[in-house]
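Line order of the protein sequences matches chains A and B.
By the working numbering, the letter at position 62 of the first sequence is numbered 62, and the numbering carries on one by one without gaps.
By the working numbering, the letter at position 62 of the second sequence is numbered 62, and the numbering carries on one by one without gaps.
Treat the hints loosely; a few may be bogus.
Unchecked claim - What follows is a set of in silico ranges between Cβ atoms, one per label pair, in the way DEER data are often shown: (1) B/H88 to A/L2: 16 to 24 Å; (2) A/T87 to B/V92: 13 to 21 Å; (3) B/D93 to A/Q7: 20 to 28 Å; (4) A/R113 to B/V83: 15 to 23 Å.
Just so you know, the hints here were simulated from the structure itself, not pulled from any lab data.
Note that CB positions come from ideal geometry on N, CA and C, so glycine has one too.
Listed here are the chains, written in short residue letters.
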Amino acid sequence: VLRVEPQVIANYVADGRVQLAFWHMLDHGASTVVHQAAECAGLQVPIKFWEMHDRLFARQNELFSGNKETLARIAAEVDLDVTAFNTCLADPEVTAKVQRMDQERRQAGIRLRPTFDVNGRLLPGAQPYANLAALFDEILED
Amino acid sequence: LIHHPSHFASIALPLLLILFLAGCAGMPAAVEERPATVATSIPTVEPAPAAATATPESEVEPAADSTAEAEEATQDEITETEVQDWSHTASVDGDLYVLGNPAAPIRFIDYSDFL
Chain A
1 VLRVEPQVIA NYVADGRVQL AFWHMLDHGA STVVHQAAEC AGLQVPIKFW
51 EMHDRLFARQ NELFSGNKET LARIAAEVDL DVTAFNTCLA DPEVTAKVQR
101 MDQERRQAGI RLRPTFDVNG RLLPGAQPYA NLAALFDEIL ED
Chain B
1 LIHHPSHFAS IALPLLLILF LAGCAGMPAA VEERPATVAT SIPTVEPAPA
51 AATATPESEV EPAADSTAEA EEATQDEITE TEVQDWSHTA SVDGDLYVLG
101 NPAAPIRFID YSDFL
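One chain only, chain A, in its complex shape (with noise of 0.2 Å):
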């Protein structure tokens, strides 16, 4: 993922041609903290969401305890209302929604990390720029 957004967004996000979603998928028992931390952002200013996205994404080797001073300090550098964040990730309809939407992708049968979603069309496991490209070039020459 760290390789391969970064290379969609500069091709095919930016020009208008994508858009880039992310659904939670809660694989570690440290996880929903985690997202919850990005869902916290994003409440605050919808952009947030992406670069708290980047930032956890980055740094996942010091989250996985679920550390809640070291999501506070992300949540700094990325100009969050810290103490707006702290309450938010204490919220049980936070919690809430991101158990639900990993509920929601297991009933679909998604169970490989990552999988991807072009269109309705699912990639299971990751998967080379390459491909993603020639998926989209097909798709947007229809």
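Knowing the structure of chain A, use the given hints to seat chain B on it.
Relative to the frame of chain A, chain B by itself:
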């Protein structure tokens, strides 16, 4: 009768007088026609066509300006479209946070765990 001098005078003089008066009356009529002729020729001197030509020119200029403005506006729109960078635009669609053009023809969903 006309050989008699008095008869000649009584007939010829009035005739001469009539002819003279008729001639005098005809001259002013000819002078009045000139202005009429001049008046007729004024339009053909083409001050009017010149004015008529000027009017369309003054109308064409704003038309040219508005065309230029329209072209400039179109260029601006094209440039704006060309330079639009959607990678800093985020929105929310239901449960999903979306990055990029909300009207993009392709939606690419990443199912991932941050850990």
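Status of each hint after checking the structure:
1. B/H88 to A/L2: 16 to 24 Å: Given about 19 Å between the Cβ atoms, the range holds.
2. A/T87 to B/V92: 13 to 21 Å: 20 Å, holds
3. B/D93 to A/Q7: 20 to 28 Å: 23 Å, holds
4. A/R113 to B/V83: 15 to 23 Å: 36 Å Cβ-Cβ, so the 15 to 23 Å window is violated.
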